[in-house]
Amino acid sequence: MARMKFICDAERCIECNGCVTACKNEHDVPWGVNRRRVVTLNDGIVGAERSISVACMHCSDAPCKAVCPVNCFYTTDDGVVLHDKDLCIGCGYCFYACPFGAPQFPQAGAFGLRGKMDKCTFCAGGPEKDNTKGEIEKYGRNRLAEGKLPACAEMCSTKALLAGDGDVLSDIYRERVMRRGRGGDLWGHATAYGVKAATSQQPAPTQQKS
Amino acid sequence: MLVRKSHDTDGARFDAPKSALRRLGSAIGGATLDRRAFLKRSGLGVGAGAFASSLPLGFVGTAQAAKSEGGGKEEVKRTVCTHCSVGCAIDAIVENGVWTRQEPVFDSPINLGAHCAKGAAIREHGHGEHRLKYPMKLVNGKYVRVSWEQAMNEVGDKLLAIRNDKAAGPDSVFWVGSSKHNNEQAYLLRKFVSMFGSNNCDHQARICHSTTVAGVANTWGYGAMTNSYNDMQNSKCALYIGSNAAEAHPVSMLHMLHAKETGCKMIVVDPRYTRTAAKADEYVRIRSGTDIPFLFGMLHHIFKNGWEDKKYINDRVYGMDKIKEEVMTKWTPAAVEEACGVKEDQMYKVAKMFAESKPSTIVWCMGQTQHTIGNAMVRASCILQLALGNIGVSGGGANIFRGHDNVQGATDVGPNPDSLPGYYGINTGAWKHWAAVWGTDYEWLKGRFQSQTMMEKPGTTVSRWIDAVMDDPNTIDQETNVKAIVFWGHAPNSQTRGVEMKKAMEKVDLMVIIDPYPTAAAAMPDRKEGVYLLPACTQFETSGSATASNRSIQWRERVISPLFESQTDHAIMYAFAKKFGFAEQLTKGYKFVKPDGDRKWEEPEVESILREINRGTFTIGYSGQSPERLKLHMKHMHTFDPKTLKANGGPCNGEYFGLPWPCYGTPEMKHPGSPNLYDTSKHVMDGGGNFRANFGVEREGVSLLAEDGSHSKGADLTTGYPELDHVLLKKLGWWDELTEEEKKKAEGKNWKTDLSGGMIRVFMKNHGCHPFGNAKARAIVWNFPDGIPQHREPLYGTNADLMKKYPTHADKGGAFWRVKTLYKSVQDKNLADGVATKFPLILTSGRLVEYEGGGEETRSNPWLAELQQENFVEINEKDANDRGIRNNEYVWVKSPTGAQIKVKAMVTPRVGPGTTFIPFHFSGWWQGKDILEKYPDGAAPIVRAEAVNTATTYGYDSVTMMQETKTTICEIVRA
Numbered sequence: 001m002a003r004m005k006f007i008c009d010a011e012r013c014i015e016c017n018g019c020v021t022a023c024k025n026e027h028d029v030p031w032g033v034n035r036r037r038v039v040t041l042n043d044g045i046v047g048a049e050r051s052i053s054v055a056c057m058h059c060s061d062a063p064c065k066a067v068c069p070v071n072c073f074y075t076t077d078d079g080v081v082l083h084d085k086d087l088c089i090g091c092g093y094c095f096y097a098c099p100f101g102a103p104q105f106p107q108a109g110a111f112g113l114r115g116k117m118d119k120c121t122f123c124a125g126g127p128e129k130d131n132t133k134g135e136i137e138k139y140g141r142n143r144l145a146e147g148k149l150p151a152c153a154e155m156c157s158t159k160a161l162l163a164g165d166g167d168v169l170s171d172i173y174r175e176r177v178m179r180r181g182r183g184g185d186l187w188g189h190a191t192a193y194g195v196k197a198a199t200s201q202q203p204a205p206t207q208q209k210s
Numbered sequence: 001m002l003v004r005k006s007h008d009t010d011g012a013r014f015d016a017p018k019s020a021l022r023r024l025g026s027a028i029g030g031a032t033l034d035r036r037a038f039l040k041r042s043g044l045g046v047g048a049g050a051f052a053s054s055l056p057l058g059f060v061g062t063a064q065a066a067k068s069e070g071g072g073k074e075e076v077k078r079t080v081c082t083h084c085s086v087g088c089a090i091d092a093i094v095e096n097g098v099w100t101r102q103e104p105v106f107d108s109p110i111n112l113g114a115h116c117a118k119g120a121a122i123r124e125h126g127h128g129e130h131r132l133k134y135p136m137k138l139v140n141g142k143y144v145r146v147s148w149e150q151a152m153n154e155v156g157d158k159l160l161a162i163r164n165d166k167a168a169g170p171d172s173v174f175w176v177g178s179s180k181h182n183n184e185q186a187y188l189l190r191k192f193v194s195m196f197g198s199n200n201c202d203h204q205a206r207i208c209h210s211t212t213v214a215g216v217a218n219t220w221g222y223g224a225m226t227n228s229y230n231d232m233q234n235s236k237c238a239l240y241i242g243s244n245a246a247e248a249h250p251v252s253m254l255h256m257l258h259a260k261e262t263g264c265k266m267i268v269v270d271p272r273y274t275r276t277a278a279k280a281d282e283y284v285r286i287r288s289g290t291d292i293p294f295l296f297g298m299l300h301h302i303f304k305n306g307w308e309d310k311k312y313i314n315d316r317v318y319g320m321d322k323i324k325e326e327v328m329t330k331w332t333p334a335a336v337e338e339a340c341g342v343k344e345d346q347m348y349k350v351a352k353m354f355a356e357s358k359p360s361t362i363v364w365c366m367g368q369t370q371h372t373i374g375n376a377m378v379r380a381s382c383i384l385q386l387a388l389g390n391i392g393v394s395g396g397g398a399n400i401f402r403g404h405d406n407v408q409g410a411t412d413v414g415p416n417p418d419s420l421p422g423y424y425g426i427n428t429g430a431w432k433h434w435a436a437v438w439g440t441d442y443e444w445l446k447g448r449f450q451s452q453t454m455m456e457k458p459g460t461t462v463s464r465w466i467d468a469v470m471d472d473p474n475t476i477d478q479e480t481n482v483k484a485i486v487f488w489g490h491a492p493n494s495q496t497r498g499v500e501m502k503k504a505m506e507k508v509d510l511m512v513i514i515d516p517y518p519t520a521a522a523a524m525p526d527r528k529e530g531v532y533l534l535p536a537c538t539q540f541e542t543s544g545s546a547t548a549s550n551r552s553i554q555w556r557e558r559v560i561s562p563l564f565e566s567q568t569d570h571a572i573m574y575a576f577a578k579k580f581g582f583a584e585q586l587t588k589g590y591k592f593v594k595p596d597g598d599r600k601w602e603e604p605e606v607e608s609i610l611r612e613i614n615r616g617t618f619t620i621g622y623s624g625q626s627p628e629r630l631k632l633h634m635k636h637m638h639t640f641d642p643k644t645l646k647a648n649g650g651p652c653n654g655e656y657f658g659l660p661w662p663c664y665g666t667p668e669m670k671h672p673g674s675p676n677l678y679d680t681s682k683h684v685m686d687g688g689g690n691f692r693a694n695f696g697v698e699r700e701g702v703s704l705l706a707e708d709g710s711h712s713k714g715a716d717l718t719t720g721y722p723e724l725d726h727v728l729l730k731k732l733g734w735w736d737e738l739t740e741e742e743k744k745k746a747e748g749k750n751w752k753t754d755l756s757g758g759m760i761r762v763f764m765k766n767h768g769c770h771p772f773g774n775a776k777a778r779a780i781v782w783n784f785p786d787g788i789p790q791h792r793e794p795l796y797g798t799n800a801d802l803m804k805k806y807p808t809h810a811d812k813g814g815a816f817w818r819v820k821t822l823y824k825s826v827q828d829k830n831l832a833d834g835v836a837t838k839f840p841l842i843l844t845s846g847r848l849v850e851y852e853g854g855g856e857e858t859r860s861n862p863w864l865a866e867l868q869q870e871n872f873v874e875i876n877e878k879d880a881n882d883r884g885i886r887n888n889e890y891v892w893v894k895s896p897t898g899a900q901i902k903v904k905a906m907v908t909p910r911v912g913p914g915t916t917f918i919p920f921h922f923s924g925w926w927q928g929k930d931i932l933e934k935y936p937d938g939a940a941p942i943v944r945a946e947a948v949n950t951a952t953t954y955g956y957d958s959v960t961m962m963q964e965t966k967t968t969i970c971e972i973v974r975a
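So the protein sequences, as listed, match chains A and B. Number 21 in this note's numbering belongs to position 21 of the first sequence; there are no gaps in the numbering. Number 241 in this note's numbering belongs to position 241 of the second sequence; there are no gaps in the numbering.
To be clear, the hints were calculated from the coordinates, so they are not data collected in a lab. Incorrect hints may appear among the rest.
[What the hints assert, rightly or not] Subject to a maximum C-alpha distance of 25 Å in a straight line, what follows is the list of computed DMTMM-like cross-link-like pairs (lysine to aspartate or glutamate): (1) B:Lys73 / A:Asp28; (2) B:Lys502 / B:Glu95; (3) B:Lys358 / A:Glu11; (4) B:Lys588 / B:Asp641; (5) B:Lys133 / B:Glu557; (6) B:Lys236 / A:Asp130; (7) B:Lys158 / B:Glu506; (8) B:Lys358 / B:Glu338; (9) B:Lys578 / B:Asp833; (10) B:Lys73 / B:Glu707; (11) B:Lys528 / B:Asp937; (12) B:Lys829 / B:Asp811; (13) B:Lys643 / A:Glu137; (14) B:Lys745 / B:Asp441; (15) B:Lys133 / A:Asp28; (16) B:Lys643 / A:Glu175; (17) B:Lys591 / B:Glu149; (18) B:Lys265 / B:Asp165; (19) A:Lys133 / B:Glu700; (20) B:Lys643 / A:Glu11.
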């Protein structure tokens with residue numbers, strides 16, 4: 001059984017925003033809702049700038065799910081964290097809980113009636129039957145059901161953003177790390193391995209959109 | 001409790017991906033990594049790609065259709081992104097005629113399914129909400145809807161009146177064509193303007209890579225990217241100078257970043273720390289406009305340490321000794337540091353890295369080309385590569401990234417003021433050649449022009465049409481001023497001197513804008529009347545071929561029917577030709593496509609036009625790429641290797657993807673295309689070659705031909721030799737290898753004008769020789785103003801001492817592209833007036849990844865527009881603090897022209913102190929004011945902002961009229 005994951009290789013991400021528009025395009029995501037976005041840290045600082053694409057990380061022990069007062073979240077057998085917009089009350093508690101800012105709260109439109117939460121579905125839709133009108137209108141396309149992977153990763157300009165079974169992703173990422181002869185500068189690397197990441201001595205991150 | 005949905009319960013549907021996943025997983029994890037699979041899916045564990053490569057395309061579409069609830073008719077159309085020159089393939093899913101989805105094409109050897117923001121948002125073209133929807137006419141200052149019939153009649157009558165006016169004539173209309181036309185449309189427009197009786201036509205290439213084309217072609221033969229994006233995977237070191245590929249050509253980075261992982265070093269030289277620089281092993285900040293001191297500074301260390309390739313220089317390069325003398329005496333480390341600001345140790349480090357990690361490649365874009373000395377800068381880059389023996393080598397090369405999706409093709413066969421298609425020029429012989437291809441009478445064609453002199457005189461350029469309108473008619477090298485301008489797919493806000501341009505727009509009698517969008521041209525001028533907007537289709541509403549930067553030609557299928565009342569560009573050309581009375585001449589021998597439910601007008605068949613291009617364009621080998629061969633490549637993309645671009649087996653066996661030009665001879669000769677130019681390690685029938693003999697055989701007693709033994713693999717001639725003509729073929733005793741039919745056509749001709757293609761066949765296929773000869777590349781281009789590239793400071797600079805030390809050219813008179821061009825008088829005046837003290841900041845401009853060109857199209861796409869909603873100026877913290885400017889506040893950027901533009905301040909270390917940067921894709925504001933009301937209702941772009949070019953200044957390249965956009969000056973104050 002697959003355990004679906006995203007990983008963004010910061011050595012390759014060039015902040016081209018292809019993942020962002022691929023998502024908008026595939027799911028007709030309205031203006032103002034950002035299921036995925038790219039952030040650049042240490043913008044313009046020589047040797048320290050890194051970009052990374054962020055969306056719902058489909059946590060194994062998802063904090064959004066833990067805190068939801070109406071228990072609208074569920075995890076599929078593939079490890080994708082989805083939610084039921086019919087149950088969601090739009091309270092925003094998941095927004096507090098999520099470490100990645102993934103939950104979005106649209107003003108209106110097909111992506112949730114007023115106040116409902118919207119987020120990345122790993123292109124796996126929602127509780128409705130696969131790729132029915134109801135599912136597409138509320139959650140967007142269900143690519144997994146079609147045997148495809150999330151549009152963002154499939155279209156990534158530099159294959160920085162990877163999506164799929166965690167085992168396969170780790171093989172690919174390990175291969176890259178071995179070729180480079182050093183670990184990545186991904187967040188948490190220093191904490192996990194007790195070494196200073198290349199960027200850790202740089203000034204505090206500033207987030208700025210080009 | 002919720003019902004937990006499990007994809008696995010739906011058995012068959014999900015089993016297949018999982019087994020594919022396992023297969024892929026083991027392929028990637030294994031000791032022998034399948035590079036194609038690796039790059040192709042790179043991390044995509046399961047899914048479409050695995051299927052798409054094993055199933056025919058149609059099957060994928062059907063499988064999806066079966067799942068679609070609507071049950072409508074679903075088709076898959078293969079097209080190519082129109083937003084840059086990389087050439088990313090896209091599968092468009094069309095349901096009942098509506099473009100409903102887009103899927104990545106993992107099979108494409110060029111992009112392996114990858115897209116940037118623009119490519120991933122391409123489906124929005126199927127909506128086109130902000131398009132120009134029907135013909136419109138400016139009436140009393142407002143755009144009103146008119147019928148096509150009325151618009152064509154009124155525009156046609158007005159253009160004919162100007163043409164037939166003795167005091168004006170055909171040269172009083174200026175046609176700005178487009179690099180966004182496909183090859184067939186670009187070509188047809190050049191033919192169209194010729195039959196209108198003028199050379200006054202141009203397109204974006206002028207302000208994109210004209211200096212490259214001229215500089216590089218004059219150095220070694222062809223003015224194009226020598227290798228390919230893919231071939232950069234073979235590089236051991238890449239030097240980006242004046243290229244921000246991560247934003248301008250994002251998918252090219254797929255290949256570069258992969259190369260980096262296999263040990264390639266990456267050096268980025270730029271005044272800004274760009275997204276590309278963020279990926280570099282070594283970043284070098286130079287002062288804007290000082291590429292020559294930097295490049296020659298590198299060469300200084302290379303010669304000093306003996307890192308140059310002496311045998312290569314001896315065998316294949318002319319004039320390197322003089323270059324060496326120049327750089328050793330003039331470009332000492334101290335002089336280099338003074339000019340470009342780079343210290344000796346970093347210069348040494350970069351030179352060593354680049355010289356010792358071979359093959360090494362150089363990449364440049366607008367950062368080098370858009371200067372008054374652009375032609376010299378690009379030649380300095382060529383010289384560096386020649387000194388190291390990096391040209392004609394896989395992994396080396398001059399990888400010159402072009403801009404628009406078909407700017408290479410439009411340069412090659414499109415509306416250029418100084419040449420007919422295929423760089424034939426516009427002398428009598430060139431006209432006779434093309435008249436023969438077109439099946440028209442040369443005398444008739446001549447009669448269309450005001451005179452034979454005008455017929456053979458280069459027209460003015462898109463960078464200078466303003467002056468052709470505004471200047472005193474006595475200083476213009478044609479009958480009188482330009483009185484009408486036709487923008488046929490061009491954004492005026494990508495050109496400099498906005499304030500003067502607005503005046504020129506207000507002075508002309510007539511403006512015609514033929515475009516899918518109204519463009520900035522519709523909204524800029526304050527006019528009451530005399531402007532017409534004609535809606536044209538995008539490339540997704542027609543079919544045709546486009547040439548990517550690497551010279552590969554790809555065929556686009558038509559995705560959807562023309563939206564709204566729009567027409568294809570070639571249908572509009574045909575309709576105007578009918579109005580002007582030369583439709584029959586324009587389309588002689590073409591097939592036609594009758595109007596049907598989709599097509600509103602009868603139009604020439606695109607394939608017929610390509611076949612005509614094939615028949616005439618021998619010079620650069622656009623002759624072998626028949627529509628059938630191109631379509632076959634598009635269908636069998638998966639058979640081409642993403643590293644070599646070569647098909648191994650299958651119906652295209654041995655050919656290179658997209659038959660990258662030169663693809664010599666007739667389609668029947670089956671030349672495979674040329675992946676890397678001038679590559680002597682390959683046979684000419686396998687895409688090999690050598691430098692071109694185009695500059696004579698001798699110069700001041702020194703031979704210009706290649707030395708013995710320096711020939712393409714397997715050539716019967718092992719010495720240098722001149723280009724092929726009938727005399728040479730007879731001398732060699734190979735004439736009788738022509739058929740009798742071929743002999744008749746080849747008699748008295750050379751390889752470029754022999755319409756039978758027979759001489760090329762005999763020379764290449766039978767004898768392995770190159771039809772354009774085998775000569776040395778020229779390190780010194782003696783026919784240019786500075787034979788040895790010279791650093792010259794810009795007209796508007798901030799450093800008076802260096803402006804005096806490295807002064808610009810002398811002024812030029814009127815014979816230069818029909819208008820007078822100033823250099824020294826402007827620079828001297830600026831020095832005398834102390835302009836630099838009033839405007840002490842360098843202003844440079846460039847791209848954002850979300851937008852393309854003038855940006856009207858991409859700023860109308862909500863998925864892109866949302867990401868960049870305002871224009872801004874990058875300014876260093878020091879300069880900002882000195883001026884009391886804080887981040888994200890509005891500021892006025894003031895120009896020496898008196899213009900001022902209002903943009904947001906972005907206080908950032910991306911730029912060093914003294915340098916500022918503004919992206920150039922914006923329009924729709926004019927000096928602080930939103931001009932929304934000047935657009936036609938509903939057709940204004942979503943994001944409107946100030947155009948940087950409203951504030952840019954005068955300055956043009958001394959060979960090609962390239963505009964100076966990269967180095968000018970400004971002052972910034974709080975708004």
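Hints versus structure:
Restraint check for Lys73 (chain B) and Asp28 (chain A): satisfied, since their Cα atoms lie roughly 21 Å apart, inside the 25 Å limit. Restraint check for Lys502 (chain B) and Glu95 (chain B): not satisfied, since their Cα atoms lie roughly 44 Å apart, outside the 25 Å limit. The straight-line distance between the Cα atoms of Lys358 (chain B) and Glu11 (chain A) is roughly 23 Å, inside the 25 Å bound, and the hint therefore holds. Restraint check for Lys588 (chain B) and Asp641 (chain B): the C-alpha separation of about 40 Å exceeds 25 Å, so the hint is violated.
Distance hint between Lys133 (chain B) and Glu557 (chain B) is fulfilled; the C-alpha atoms sit about 23 Å from each other, no more than 25 Å. Of the supplied pair hints, the one linking Lys236 (chain B) and Asp130 (chain A) is violated, its CA atoms being roughly 48 Å apart against a limit of 25 Å. Between the alpha carbons of Lys158 (chain B) and Glu506 (chain B) the distance comes to roughly 17 Å, so the proposed pair stays at or under 25 Å and holds. Between Lys358 (chain B) and Glu338 (chain B), the direct Cα distance comes to roughly 29 Å. Violation of the 25 Å bound is thereby established for this hinted pair.
The hinted pair formed by Lys578 (chain B) and Asp833 (chain B) fails the criterion: a straight-line CA distance of about 55 Å is larger than 25 Å. Proximity of Lys73 (chain B) to Glu707 (chain B) is assessed by CA-CA distance (about 63 Å); at most 25 Å being required, the pair is judged violated. Distance restraint check for Lys528 (chain B) and Asp937 (chain B): the Cα-Cα separation of roughly 16 Å lies within the 25 Å cut-off, and the hinted pair is therefore satisfied. For the proposed pair Lys829 (chain B) and Asp811 (chain B), the alpha carbon gap of about 13 Å is at most 25 Å, so the pair holds.
Restraint check for Lys643 (chain B) and Glu137 (chain A): the C-alpha separation of about 41 Å exceeds 25 Å, so the hint is violated. Restraint check: the Cα-Cα separation between Lys745 (chain B) and Asp441 (chain B) comes to about 18 Å, which is no more than 25 Å; the hinted pair holds. Distance restraint check for Lys133 (chain B) and Asp28 (chain A): the Cα-Cα separation of roughly 23 Å lies within the 25 Å cut-off, and the hinted pair is therefore satisfied. Taken as a hint, the Lys643 (chain B) and Glu175 (chain A) pair is honoured in the structure, with Cα atoms around 19 Å apart against an allowance of 25 Å.
In summary, the hint linking Lys591 (chain B) to Glu149 (chain B) is supported, as the alpha carbons are separated by about 24 Å, within the 25 Å threshold. About 61 Å separates the Cα atoms of Lys265 (chain B) and Asp165 (chain B), which puts this hinted pair outside 25 Å; it is violated. Distance restraint check for Lys133 (chain A) and Glu700 (chain B): the Cα-Cα separation of roughly 78 Å exceeds the 25 Å cut-off, and the hinted pair is therefore not satisfied. A C-alpha spacing of about 21 Å is found between Lys643 (chain B) and Glu11 (chain A), which places the hinted pair at or below 25 Å, so the restraint holds.
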